[in-house]
Amino acid sequence: MAFLTPELAAQVVTATTTNAEEASGALSRAFDGEFVVKAGEPAPFDPSTAGLSGGGLVFAFKFGDEQMLAVLPAGTGGAPHRMVPEWTKAPDPTGESKLSTLGQELSMLFLPDSLMADAFEGRWVDDLAAAVRHAEPAADATAAPIEIAQGESLAALTLVWPVANADAAFAAAAAEPALETAAPEGPAAADAPAAPAASASQPLGIAATPEEDKSQSKVLRWKKPAPRDLRDLPPNVLSALRVMVPVSVHLAGKKIKLAEVIDLGPGSIITFDKACDAPLEVSIGGRPVATGEAVKVGERFGVRVQKMILPEEHFRTMLPAKKA
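Numbering (full-length UniProt numbering), first residue to last: 1 to 324.
Please keep in mind that the hints were generated in silico from the structure rather than gathered at the bench. Remember, it's a predicted structure, so these values are computed and weren't measured experimentally. Please note that a few of the clues may not be correct.
Think about it this way: if two alpha-carbon atoms lie no more than 27 Å apart in a straight line, the pair counts; the simulated DSS-like pairs of lysine-lysine are [claimed, not checked]:
1) 307 to 274
2) 296 to 322
3) 296 to 307
4) 323 to 307
5) 89 to 62
Restraint-style ranges between C-beta atoms, simulated for each label pair [stated by the list, open to error]:
6) 307 to 44: 18 to 28 Å
7) 6 to 298: 47 to 57 Å
8) 21 to 261: 19 to 29 Å
Glycine included, C-beta positions come from ideal geometry on N, C-alpha and C.
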């Protein structure tokens, strides 16, 4: 009986949603960062839309005779924009252990408990598209994207199943670049086609500028309906919501003479021009956000919010352009 069928997609979404926090912890331990994980929408596998450009990590999960790939693009640019750290390209024994442990944890957290992988190898490959192609996905293969955010960086780890030969993803991806760059030898070299001429906008021997590369870069945009609550937000926004901010409550305040401060001691009473039942002001990061009343929560102090304070509006004066 086959287990890696298109019907597995719903169970992958359920398992990922349930284990999202544990999966975030597994990635954080392996890559030394703070990650947020969220299940995406499964769909039939399409290499042209799977986001497999460039290099990244490939994990091969084996379940007896059935096999699956987990593909994580490295991201573009340098740290902190790369999702996958540089050490994964040539890991030392400690790094290899980290990748093996991460593969085992992801195979358990992204899949239902009824599926237990026999093998979970993970390696860096320079060409994700070539790696997946040589693993031979089935004609009816399914892709389940899992959105991963680290700060402002966003990527998608994609589960692809079933594949015929997961091990070929590592061997073929490593060999293919060498075949493409090998120079022809002997008489065949004379018949080799000439290299294409450089375009007029980019002279020969001059690399493209970052500005030129930006025009070809892929921009991630939110294409789903507007979120109705926190669960619908993209993972990079959820990551920002985990930032710790200071919260304080202002009881009262006034100015007194320095001589009165010197006279303060045990038993001294300071009076304020504020009624006992006046609302307290709640501030976050030094900015007032609400007012409320003091309440007792068990043996602790609390504030019941009664009114929110909207942020100050900032207006910019619009003036007509000056005539020359």
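Hint check:
1. 307 to 274: holds (18 Å)
2. 296 to 322: violated (61 Å)
3. 296 to 307: holds (19 Å)
4. 323 to 307: violated (48 Å)
5. 89 to 62: Satisfied, since the Cα-Cα distance of roughly 23 Å is no more than 27 Å.
6. 307 to 44: 18 to 28 Å: violated (51 Å)
7. 6 to 298: 47 to 57 Å: holds (52 Å)
8. 21 to 261: 19 to 29 Å: violated (49 Å)
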